[in-house]
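K.L.:
Same order as they appear, the protein sequences are chains R and H. Position one of the first sequence corresponds to residue 1 (the numbering used here), numbered consecutively onward. Position one of the second sequence corresponds to residue 1 (the numbering used here), numbered consecutively onward.
It is worth saying that the hints were derived from the structure and are not from the lab. None of the values given here were measured: they were computed from a predicted structure. A couple of the hints might just be wrong.
DSSO-like cross-link-like pairs, simulated, lysine-lysine; straight-line CA separation at most 27 angstroms [what the hints assert, rightly or not]:
#, chain 1, residue 1, chain 2, residue 2
1, H, K69, H, K104
2, R, K57, H, K104
3, H, K3, R, K57
4, R, K13, H, K52
5, H, K52, H, K104
6, H, K3, H, K104
7, H, K3, H, K99
8, H, K52, H, K69
9, R, K57, R, K13
10, H, K52, H, K99
11, H, K99, H, K69
12, R, K13, H, K3
Single-letter residue listing:
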Amino acid sequence: KAGVTQTPRYLIKTRGQQVTLSCSPISGHRSVSWYQQTPGQGLQFLFEYFSETQRNKGNFPGRFSGRQFSNSRSEMNVSTLELGDSALYLCASSLNNWGQNNSPLHFGNGTRLTVT
Amino acid sequence: DAKTTQPTSMDCAEGRAANLPCNHSTISGNEYVYWYRQIHSQGPQYIIHGLKNNETNEMASLIITEDRKSSTLILPHATLRDTAVYYCIVRVVRARDDKIIFGKGTRLHILP
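Okay, chain R solo, but in the shape it has when bound (with noise of 0.2 angstroms):
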């Protein structure tokens, strides 16, 4: 079974532009969650589509988005970009609802964005 894939892998942006990055759950699952990881900060939680709805937020600025289609695939979008939002931007998938059943989440290999 294909894990969890991540489009493009790397990507190189200019200030003020904006970014849609794309991210293909496991066949089958329905939850794609999103997370921005640097080195001073970690891995932080953006958001968590589940069915095409967004069920949870992370503590990010309106200029993240995200969406998710029937299909379960999810983008996640960057508008007005900063410098500081240079990144591994990481998705995962789980079958449902993670953290309250036996339901673990899958990560790909992220993108790599880095904004000069």
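Based on the hints, put chain H in the right spot on chain R.
P.N.:
Frame of chain R; chain H shown alone:
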């Protein structure tokens, strides 16, 4: 505020058991503890998870204290390939509040 705490780094001799602790003092109810590890430039890899009882799989064992406020991940016979950052993750769910909590991770060095 709810949080998990892990030691910043640990060393372990190759072939010995590596014991990695995590404190998750606000966990309660039916909230699971998950352990992941991350090798540089890759996404976190799932290791094991548990609720109340101790768990074991082909990679590791997980010991959860009776009050569930802390846990220990055990790699029984560490190898050089186990060098990674290990994360303890919990999801704390309360009425109108759903927090996903990561520790800062423990950088485990396996010494030859």
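K.L.:
With reference to the structure, classify each hint as holding or not holding.
P.N.:
Structure-based check of all given hints:
no.: 1; hint: K69(H) x K104(H); verdict: 17 angstroms, holds
no.: 2; hint: K57(R) x K104(H); verdict: 20 angstroms, holds
no.: 3; hint: K3(H) x K57(R); verdict: 17 angstroms, holds
no.: 4; hint: K13(R) x K52(H); verdict: 46 angstroms, violated
no.: 5; hint: K52(H) x K104(H); verdict: 23 angstroms, holds
no.: 6; hint: K3(H) x K104(H); verdict: 10 angstroms, holds
no.: 7; hint: K3(H) x K99(H); verdict: 9 angstroms, holds
no.: 8; hint: K52(H) x K69(H); verdict: 10 angstroms, holds
no.: 9; hint: K57(R) x K13(R); verdict: 25 angstroms, holds
no.: 10; hint: K52(H) x K99(H); verdict: 20 angstroms, holds
no.: 11; hint: K99(H) x K69(H); verdict: 16 angstroms, holds
no.: 12; hint: K13(R) x K3(H); verdict: 33 angstroms, violated
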